[in-house]
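Asks: If you want the building blocks of each chain, they are given just below.
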Amino acid sequence: MNARILALAAALAAFARPPEATAQTERLAGRLDERTRAAVEAIVDSVRGAGVPGDPLVNKALEGASKGADGARIVAAVRALATNLARARAALGAGATEPELVAGAAALRAGASAVFLERLRADFPREPLVVPLAVMADLVARGVQPDTAAQSVLTLVKAGVREADLVAFRQSVERDIALGAPAGAAATARAASAGGLATTGVPSIAGQTPHPRKP
Amino acid sequence: MREPTAYRALALAVVCAAAGTAPCAAQVEAGLDLAASIVRYNGYLASGAAAFTPSVAWRFPRATLAARGTLLVFESGNTSVQGLLNADVFSPPIGRLRVEAAAEAGASSYAAFARFSHGLARLRAHVLGSRWGAWAGPLAGTISRGSGSRAASGVAAGWWWRSHIGALQLSWTRVAVGDTAYSDLEGRARWRRGAFDVEGSAGVRMASRGGGSGVYGDVSAALRLTAWMGLLVAAGTYPSDPVRGSIPGRFVTVGLRLAPKQTPRVAVVPQIAPPPAPGAPESAGRLESARVTVEQLDGLPILVVHVSGARRVEVMGDFTDWQPVALAAAGKGRFQYALSLPAGMLRFNVRVDGGPWGVPAGAGVAADEFDGSVGVLVVP
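If you read the protein sequences in the order shown, they are chains A and B. Take the first sequence: its position 149, counted from the start at 1, is 149 in the numbering used here, and no numbers get skipped. Each number in the numbering used here comes from the position in the second sequence (counting from 1) with 1000 added on.
Possibly wrong hints are sitting among the right ones.
Simulated crosslink set (EDC-like; lysine to aspartate or glutamate; CA at most 16 Å straight-line) [to be verified]:
hint	chain 1	residue 1	chain 2	residue 2
1	A	LYS158	A	GLU118
2	A	LYS67	B	ASP1321
3	A	LYS67	B	ASP1371
4	A	LYS67	A	ASP33
5	A	LYS158	A	GLU127
6	A	LYS67	A	ASP123
7	A	LYS67	B	ASP1368
8	A	LYS67	B	GLU1369
Cβ-to-Cβ under 10 Å is the rule here; a few derived chain B residues that face chain A [said to hold, decoys possible]:
hint	residue
9	THR1180
10	ASP1318
11	TRP1322
12	ALA1326
13	LEU1377
Just a sample of chain B residues kept apart from chain A, beta carbon distances all over 12 Å, derived [claimed, not checked]:
hint	residue
14	ALA1036
15	LEU1139
16	THR1237
Derived from the structure by calculation, the hints contain no laboratory data. Ideal placement from N, C-alpha and C gives every residue a C-beta, glycine not left out.
So here's chain A without its partners, still in its complex pose:
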């Protein structure tokens, strides 16, 4: 009975939504049970007014569905992401793009502080921040302390390194950690050699191998 009511409510709510919202949540059709879908749609609707994009939230729900998570877990993950996206919006400002918000939310989830995001935006009001924020999130995920990761990224961005060099920096830290280096030391040391990084002409796209160096 409850499921029917929720489904009816979701159907009625769909008429009241903007077209892009309907398109977003239509992606959930057939992937979630009605209760979970209704809960996710409710979250998407509730945060839209705060400038939180819906697509990342739908993506999160779909990821959970594909990974076999139960409804409660999916809803909790979507809610947590919505919270971080809202925090990222507040820290990065109204002009932040959706990719920036996604990267900012990932950085916040990883342990970065909202102050770091605010500072990054204040220092670079017009530059795209997707790559710095994504690198920050990745460093913390690899065990670098948030403060150290933030400082390393800020050092590089302020040194004027290109996005590709930031990606190469992330890969270098990843490599050093895999070799046994303490995560914080790897990040600090690699950031300190930012001048060298910036001149190596590393590829411009994530996932590619940096140019080799001497052992």
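The hints should help you fit chain B onto chain A, whose structure is shown.
Replies: Chain B in isolation, oriented as in the chain A frame:
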């Protein structure tokens, strides 16, 4: 801070080699190699290196204890330190059969980062003829890198023949280290004539999962100059060694060996420990050897997964609505996602040949909210 074990092993070898009088009363052989090398490790530019390799061995009637250290100083100023300690004991003959129990411990460090150590135990049954022999037996142990450790196991078999002018040896080894497994088939020949002593080897790595594959080999020569000094020349290639923590490379070496006995086997093959492609440790099977890149196709970014020997590679992620999508095989181990990727931070997982979903090397790794991990790519 570098691996203290490596320093201790190196220090032991240096002290014993310098003193000449070892703590044991057994027959002692000690030496010191001083060499200059040009090395090119996979993933690195070629570099010059100075190598200092002290060694010492105590030989008893049925046992041997040997230690060797290597200090490499590269052009960059980085150093690599390695220490290796071997001990083996033979049983008394039982007809043509003898049993050998051996243990090996080693440690290495490279620059300020890589630290690697291993311990191996080996048991071999030998069948011995007058000029030939054969052996077979298992090995087992553990390796550690940084704070993690993995079990190593394997089996080896071989055959050798010798005469007054030289020797031949063929061996086959199958080793598994964690999820990595490979087989090496090797042949080795040694020839002696007067002051010359030449040794060569050739091998092929095959049936490999994460250990690389291909052929390798080296040749080394020693020319005795005086009773205690010889000239060494060596060149070759070697494969990765997941047990001892070295990556593939090639080298050319010229050096001097200071030792009362000149043996040709050049111990100055410089090796360092970094793995060629750090990947997701939790991935299994072929996923461990997979690597993801974002490449440009007609000016648009596409996702490419590189994994040799795979029949089917699938991806699911933000850009597929988290539905599994089979990648198109493009030959030579390349599998491409047909559509261009949107800009931004993309989350995804990959699976190979229907195996578990995981994260290939080349991508960032983050914990997802569903008790797993997710790969992260940034497309500017």
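Asks: Has the given pair, A:LYS67 with B:ASP1321, been kept, meaning a C-alpha gap of at most 16 Å?
Replies: Given that 16 Å is the threshold and the Cα spacing comes to 12 Å, the pair holds.
Asks: Please verify whether A:LYS67 and A:ASP123 have alpha carbons no more than 16 Å apart.
Replies: 39 Å, violated
Asks: Verify that the Cβ of B:ALA1036 lies farther than 12 Å from every Cβ atom of chain A, and report whether the claim holds or is violated.
Replies: Holds: least Cβ distance 15 Å, greater than 12 Å.
Asks: Hint check: A:LYS67 vs A:ASP33, CA-CA at most 16 Å. Holds or violated?
Replies: 14 Å, holds
Asks: Verify the interface restraint on B:THR1180: the C-beta must sit less than 10 Å from at least one C-beta of chain A.
Replies: 14 Å, violated
Asks: Compute the least Cβ-Cβ separation between B:LEU1139 and chain A, then decide whether it is above 12 Å.
Replies: About 24 Å separates B:LEU1139 from the closest Cβ of chain A, which puts it past 12 Å; holds.
Asks: For A:LYS158 and A:GLU118, compute the direct alpha-carbon distance and say whether it is at most 16 Å.
Replies: Roughly 15 Å between the alpha carbons, so the hint for A:LYS158 and A:GLU118 holds.
Asks: Less than 10 Å between beta-carbons is the criterion; does B:ALA1326 satisfy it with respect to chain A?
Replies: Constraint on B:ALA1326 not satisfied, violated at 15 Å.
Asks: Against the 16 Å threshold, does the CA-CA distance of A:LYS67 and B:GLU1369 hold or violate the hint?
Replies: Holds: A:LYS67 and B:GLU1369 sit about 10 Å apart, inside 16 Å.
Asks: Taking the shortest Cβ-to-Cβ distance between B:THR1237 and chain A, state whether it exceeds 12 Å.
Replies: Given that every Cβ of chain A is farther than 12 Å from that of B:THR1237, nearest at about 16 Å, it holds.
Asks: Hey, A:LYS67 versus B:ASP1368, does the alpha-carbon distance stay inside 16 Å?
Replies: Distance of about 10 Å is within 16 Å: holds.
Asks: Was the hint right that B:ASP1318 lines chain A, CB cutoff 10 Å?
Replies: 5 Å, holds
In this structure, the hints that do not hold are numbers 6, 9, 12, in rising order.
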